[in-house]
Amino acid sequence: MSLKSLAKLVLLGSLPLAACGGGSEAPKPAAAPAEAPAAAAAPADGSGSIGGKIAFDGVVPASEKVKLSADPKCAAMHKDGLERQPIHVKDGALADVLVYVKSGASGSYPAPAEDVVLDQHGCDYTPHMVAMVAGQKLKIRNSDDTLHNIHPRPQLNTEFNVGQPRQGMESEKTFDKAEMLIPVGCDVHPWMRAYISVLNNPFFAVTGEDGTFEIKGLPAGEYEIEAVHGKLGIDKAVSGKVTVKAGEAAKLDLTLKG
1 MSLKSLAKLV LLGSLPLAAC GGGSEAPKPA AAPAEAPAAA AAPADGSGSI GGKIAFDGVV
61 PASEKVKLSA DPKCAAMHKD GLERQPIHVK DGALADVLVY VKSGASGSYP APAEDVVLDQ
121 HGCDYTPHMV AMVAGQKLKI RNSDDTLHNI HPRPQLNTEF NVGQPRQGME SEKTFDKAEM
181 LIPVGCDVHP WMRAYISVLN NPFFAVTGED GTFEIKGLPA GEYEIEAVHG KLGIDKAVSG
241 KVTVKAGEAA KLDLTLKG
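In this note's numbering, the protein residues as written are 1 to 258.
The set of hints was computed from the structure by calculation and includes no laboratory data.
Please note: incorrect hints may appear among the correct ones.
[What the hints assert, rightly or not] Derived pair list, reagent style BS3-like, types lysine-lysine, alpha-carbon separation capped at 27 Å: (1) LYS245 x LYS73; (2) LYS139 x LYS73; (3) LYS216 x LYS231; (4) LYS216 x LYS245; (5) LYS102 x LYS53; (6) LYS102 x LYS216; (7) LYS102 x LYS139; (8) LYS231 x LYS137; (9) LYS79 x LYS90; (10) LYS216 x LYS90; (11) LYS102 x LYS231; (12) LYS173 x LYS216; (13) LYS73 x LYS236; (14) LYS137 x LYS241; (15) LYS90 x LYS236; (16) LYS53 x LYS231; (17) LYS257 x LYS231; (18) LYS241 x LYS257; (19) LYS102 x LYS241; (20) LYS67 x LYS90; (21) LYS90 x LYS137; (22) LYS241 x LYS251; (23) LYS173 x LYS102; (24) LYS216 x LYS251; (25) LYS241 x LYS216; (26) LYS231 x LYS241; (27) LYS90 x LYS53.
[As the list claims (entries may be wrong)] Computed Cβ-Cβ distance ranges for the label pairs, DEER-style: (28) GLU170 x SER103: 32 to 38 Å; (29) VAL238 x PRO112: 25 to 31 Å; (30) ALA249 x GLY122: 33 to 39 Å; (31) ASP187 x VAL116: 45 to 51 Å; (32) ILE234 x ASP187: 22 to 28 Å; (33) PRO183 x GLY247: 36 to 42 Å; (34) GLY163 x ASP115: 18 to 24 Å; (35) ILE234 x HIS151: 16 to 22 Å.
This structure is a prediction, so every number in the text was calculated from the model and none was measured.
All C-beta atoms in this analysis are idealised placements derived from N, C-alpha and C, irrespective of residue type, glycine included.
Input sequences plus hints: build the corresponding full structure.
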């Protein structure tokens with residue numbers, strides 16, 4: 001075979017490789033798609049805290065005598081009668097106040113796994129101020145041997161009305177949106193009243209009879225803290241700013257006016 005013929009055969013043999021994209025270099029792999037930016041994660045559990053006391057400045061309204069004759073079972077639970085005190089003050093301290101981080105908490109916070117319980121006990125709601133994180137489960141329990149129902153009236157979340165005619169019954173509900181001071185009532189017993197507040201972060205506390213509170217697990221930073229009472233309403237809420245340092249307990253006292 002002549003040199004010219006051999007060269008022609010080599011040229012013809014290389015054409016299919018060129019047509020299929022062949023060559024001396026291996027094909028480069030396609031670039032991996034860029035990852036979507038991750039949602040802002042909640043900060044790691046903080047070691048700071050805020051504690052203090054909520055006082056009341058004003059005239060405490062007289063307690064209301066509740067008529068129980070419509071439900072003999074409620075009357076039997078309160079043989080000396082039942083008095084309702086929507087504003088509970090002891091030695092100048094205010095109970096049932098929600099104290100929460102209004103601003104300064106960054107990141108997103110998953111709903112806690114544990115349930116929040118609202119009990120119907122002694123023909124009353126316990127507690128009177130329920131605080132929870134959006135998406136957290138609310139367990140509604142009837143501890144009384146009589147018919148109760150729970151009827152929240154939210155503006156942003158879905159309204160529901162759950163009847164529980166038997167002692168020991170439990171129901172579960174959730175609120176998906178943050179909403180303050182959702183009024184709760186029992187259509188069977190009109191004196192029964194409570195409030196549910198739904199927040200976007202877990203940094204809150206409710207004052208006890210002595211008016212004290214403690215908000216734990218805060219990362220170091222600057223925070224605006226607000227205190228609000230159900231009966232006094234959001235218009236009477238008060239706030240203050242506080243600096244939290246890692247591993248330290250900050251202090252903030254506030255006064256709500258009647």
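Going through the hints against the structure:
no. : hint                        : result
1   : LYS245 x LYS73              : violated (52 Å)
2   : LYS139 x LYS73              : holds (23 Å)
3   : LYS216 x LYS231             : holds (26 Å)
4   : LYS216 x LYS245             : holds (12 Å)
5   : LYS102 x LYS53              : holds (17 Å)
6   : LYS102 x LYS216             : holds (15 Å)
7   : LYS102 x LYS139             : holds (25 Å)
8   : LYS231 x LYS137             : holds (24 Å)
9   : LYS79 x LYS90               : holds (25 Å)
10  : LYS216 x LYS90              : holds (25 Å)
11  : LYS102 x LYS231             : holds (20 Å)
12  : LYS173 x LYS216             : holds (26 Å)
13  : LYS73 x LYS236              : violated (37 Å)
14  : LYS137 x LYS241             : violated (31 Å)
15  : LYS90 x LYS236              : holds (19 Å)
16  : LYS53 x LYS231              : holds (18 Å)
17  : LYS257 x LYS231             : holds (12 Å)
18  : LYS241 x LYS257             : holds (19 Å)
19  : LYS102 x LYS241             : holds (10 Å)
20  : LYS67 x LYS90               : holds (25 Å)
21  : LYS90 x LYS137              : violated (32 Å)
22  : LYS241 x LYS251             : holds (10 Å)
23  : LYS173 x LYS102             : holds (25 Å)
24  : LYS216 x LYS251             : holds (12 Å)
25  : LYS241 x LYS216             : holds (16 Å)
26  : LYS231 x LYS241             : holds (24 Å)
27  : LYS90 x LYS53               : holds (12 Å)
28  : GLU170 x SER103: 32 to 38 Å : holds (36 Å)
29  : VAL238 x PRO112: 25 to 31 Å : holds (27 Å)
30  : ALA249 x GLY122: 33 to 39 Å : holds (35 Å)
31  : ASP187 x VAL116: 45 to 51 Å : violated (22 Å)
32  : ILE234 x ASP187: 22 to 28 Å : holds (24 Å)
33  : PRO183 x GLY247: 36 to 42 Å : holds (39 Å)
34  : GLY163 x ASP115: 18 to 24 Å : holds (20 Å)
35  : ILE234 x HIS151: 16 to 22 Å : holds (21 Å)
In the structure shown, a violation is registered for the earlier hints numbered 1, 13, 14, 21 and 31, in ascending order.
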